[in-house]
Amino acid sequence: MLEFDGLVKAYGENRVLDGVGFTVAPGQMFGFCGSNGAGKTTTMRIAMGLARADAGQVRWQGTPLDEAARRRIGYMPEERGLYPKMKVVEQLVYFARLHGLTAGDAAAAAQHWTERLGLADKRDQRVEKLSLGNQQRVQLAAALVSRPEVLILDEPFSGLDPVGVDSLADALLEQCRRGVPVVFSSHQLDLVERLCDAVGILARGRIVASGTVDELRAAEAGRQLRVVVHDAPNGWAGAVPGVRVVSESRGDTVLELAPGTDDQAVLAAALRAGPVRHFAWREPTLVELFREAVSTQEVAA
Amino acid sequence: MSAFGQVRLVAGREMSTRVKDKGFIVSSVVIVLLVLGLMVFQLVSGSSTQTTTVGTVAGGAQVEQALVRSGEQVGTEVTVVELADEDAARQAVEDGDVEAVLVDGAGDAPRVVVESSADEAAAAIAETAVGALSVARQLGEQGVDLVAAPAISYSVLDPDDDGDTTAVLVALLGVVVLYGLLILFGQFVAQGVVEEKSSRVVEILLSTMKPWQLLTGKIIGLGLLGLAQLVTIAVIGVVGSLALDVVSVPSAVVPTVVSVVAWFVLGYTFYAAVFAVAASLVSRQEDLGSVLTPTTLLLVVGFIVSLQAAQDPGSTLATVTSFVPGLSPLVMPVRMAAGEAAVWEVAVAVLLMLVAIAVVVRIGGRVYSGALLRTGGKTKLREALAADRG
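Protein chains in written order, with my numbering: chain A, 30 to 330; chain B, 143 to 532.
Worth flagging that the hints you see were computed from the coordinates, not collected in a lab.
One should not assume that every hint holds.
Restricting the straight-line Cα-Cα distance to at most 20 Å, the calculated cross-link-like pairs of lysine to aspartate or glutamate (DMTMM-like) are [said to hold, decoys possible]:
#, chain 1, residue 1, chain 2, residue 2
1, A, Lys114, B, Glu428
2, B, Lys352, A, Asp95
3, B, Lys162, A, Glu157
4, A, Lys116, B, Glu337
5, A, Lys158, B, Glu337
6, B, Lys352, A, Glu96
7, B, Lys164, A, Glu96
8, B, Lys162, A, Asp153
Taking beta-carbon pairs under 8 Å as the criterion, some of the chain A residues facing chain B (in silico) [what the hints assert, rightly or not]:
#, residue
9, Arg99
10, Leu111
11, Pro113
12, Met115
13, Tyr123
14, Leu127
15, His128
16, Ala171
17, Glu203
18, Cys205
We treat Cβ as the ideally placed atom computed from N, Cα and C, and that holds for glycine.
Same shape as in the complex, but just chain A (with noise of 0.2 Å):
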């Protein structure tokens, strides 16, 4: 288990974290999401002993991150960090010696990850002469280069493609079935319901919602059935008792239901409106979850 436990990190008078904690299992994809400045890129820069946390650690297999286990990670830092002038297949085998990797090894990596990534052609070229989106690539390898057991990534997918986030996408589930724990910060929450087991959003802080996907929509309180109904007047829902209309529009409802209130007393009411195209709860998507989770957070705050 990759644990962030009760991180604290103040710069002066501006707390940035405020005790972040959650647990990332093996083989489990983490999406970390939040606000700009909520605290993303230091918790993970904590991880990576690029700063130091007031409070908390981070543990990996219940021992606590240092310098031989950062070794064993594969890191991808926000704003990548490539030489601009040393050729691609250089660099990767200098990052896997750094990570701890033989010479041979190393140099039996770097081909094997840019061949995997489309890189093969690229080999010696300068890094500098690269396009963003191979550049992009590189940076990829480099965190992947040195078969890390952990994999941390600062948006990973910003400024890519989409066929190049189907490429990192491919790549990085591959990872996880490898049985790595792999955690990545992204504000494409649609990416990240997508890829992620699991999400945590940070907001101010904290981490205000975290779990399965599934597991926040059942945590949202109140929740929402769409029903529609062909060429129903307005107001045929009005009646059913516990039954708040949040949205209609030419048959289409959107209705909140009390609790305890029988759904199908709800579809016996419609299909006495008329003919019933359409009767499901409606699931919230990651970004109404996000907006929810973050707005109460801020009213809280």
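On the provided structure of chain A, position chain B as indicated by the hints.
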């Protein structure tokens, strides 16, 4: 992997990328060519002896001897060629085989054949020779026997002085090279630090090692390269100048060169650390100049003082500055070469330098690790010290 393993990897990368750098290759070749050029220049300008060829007709050993001797008086080495007759003489002068021909030099009517009146030097030698021959002949006719002048023996009061002068000259040349290399490699270190900082590579590096390992690896890697370059220059310089006879006292040259190399190691370590730490405060290459200037000025001061010390190695300025860390690597080699520095003085200067290096590495290391991860503008020294991985 051990702590030293990371340092070695960093050092290795610094060396291999720098060696492949075109700028570095060009500058190395230029420096070696400069050293070679300097020696050739020294050789050409140093050999003031000129040579000339003079022909004789009906001369003989006596005339030949007189010609050579009169040439010696004006610092010219004379080669004498015996020619058959006057026609042959004219031919030889016209062909340029000889510069002048002395006909019947020992006789009653000596004549000189030259191409034009411009060939004064050779003609003057011939004239002097004729004069000398005539005096000798007349003295001989009067029965005066010429006794060779007695050989003079010299009492040399300070036999080392010659060597010292050469040594100071060598030390001065060494200091010029040392100064150039300190500036060059200090810049390399500084640029490398900023490159890593501005490209954010430093975040990946520091997730696998401590700042001091990165700093040490960088300094060692580039230092070995600088040392290799200095030793190459030294070997070419020493071997070349001994082989070409530019200097004739190897005992004066070799110890001086060794001391310059040793002072390079101390000076480089000091300046590289200061440059690296200063560079860590900025995030862009453009800002590098402003933070490096104070240190560069110190180097320039050391260089100027060392030039002055070469003129007057015993001066108070030279003596004092040869102990000041940072200035000592440039001044002390000159004083040592001049034979002005006692062993204990050198020991104290080395010790002070080592202490300074320890202080720079210790405090600088903290600044470096504090500043390295702060980007955007210029980090203040105090902030960096306070941050130290904050």
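Hints and how they fare:
Taking the CA atoms of Lys114 of chain A and Glu428 of chain B, the gap is near 18 Å; set against the 20 Å cutoff, the hint holds. This hinted pair checks out: Lys352 of chain B and Asp95 of chain A have alpha carbons roughly 11 Å apart, not beyond 20 Å. Note on Lys162 of chain B and Glu157 of chain A: the hinted pairing holds, with a Cα-Cα distance of about 17 Å set against a maximum of 20 Å. Under the criterion of a C-alpha separation no larger than 20 Å, the hint pairing Lys116 of chain A with Glu337 of chain B is consistent with the structure, at around 15 Å.
This hinted pair checks out: Lys158 of chain A and Glu337 of chain B have alpha carbons roughly 16 Å apart, not beyond 20 Å. A distance of roughly 8 Å separates the Cα atoms of Lys352 of chain B and Glu96 of chain A; the hinted pair therefore holds under the 20 Å criterion. For the suggested pair Lys164 of chain B and Glu96 of chain A, the alpha carbons sit about 36 Å apart, so the restraint of at most 20 Å is broken. For a cut-off of 20 Å, the pair hint linking Lys162 of chain B to Asp153 of chain A stands: about 14 Å separates their Cα positions.
The closest approach between the C-beta of Arg99 of chain A and any C-beta of chain B is roughly 5 Å, which is under the 8 Å cut-off, so the hint is satisfied. For Leu111 of chain A, the interface hint holds, the least distance from its beta-carbon to any beta-carbon of chain B being 6 Å, beneath 8 Å. Hint status for Pro113 of chain A: holds, given a least beta-carbon distance of 6 Å to chain B, under 8 Å. The closest approach between the C-beta of Met115 of chain A and any C-beta of chain B is roughly 6 Å, which is under the 8 Å cut-off, so the hint is satisfied.
At about 6 Å, the closest approach between the beta carbon of Tyr123 of chain A and any beta carbon in chain B falls short of 8 Å, and the interface hint on this residue holds. A cut of 8 Å between beta carbons decides the hint on Leu127 of chain A: the least distance to chain B is about 4 Å, and the hint holds. For His128 of chain A, the suggested interface contact is upheld, since its CB lies about 6 Å from the closest CB of chain B, less than 8 Å. Below 8 Å, beta-carbon pairs count as interface contacts, and Ala171 of chain A has one with chain B at about 7 Å; its hint therefore holds.
Of the supplied interface hints, the one on Glu203 of chain A is violated, with its beta-carbon coming no nearer than about 22 Å to a beta-carbon of chain B, more than 8 Å. At about 21 Å, the closest approach between the beta carbon of Cys205 of chain A and any beta carbon in chain B exceeds 8 Å, and the interface hint on this residue is violated.
Hint compliance for this structure: hints 7, 17 and 18 are broken, all remaining hints hold.
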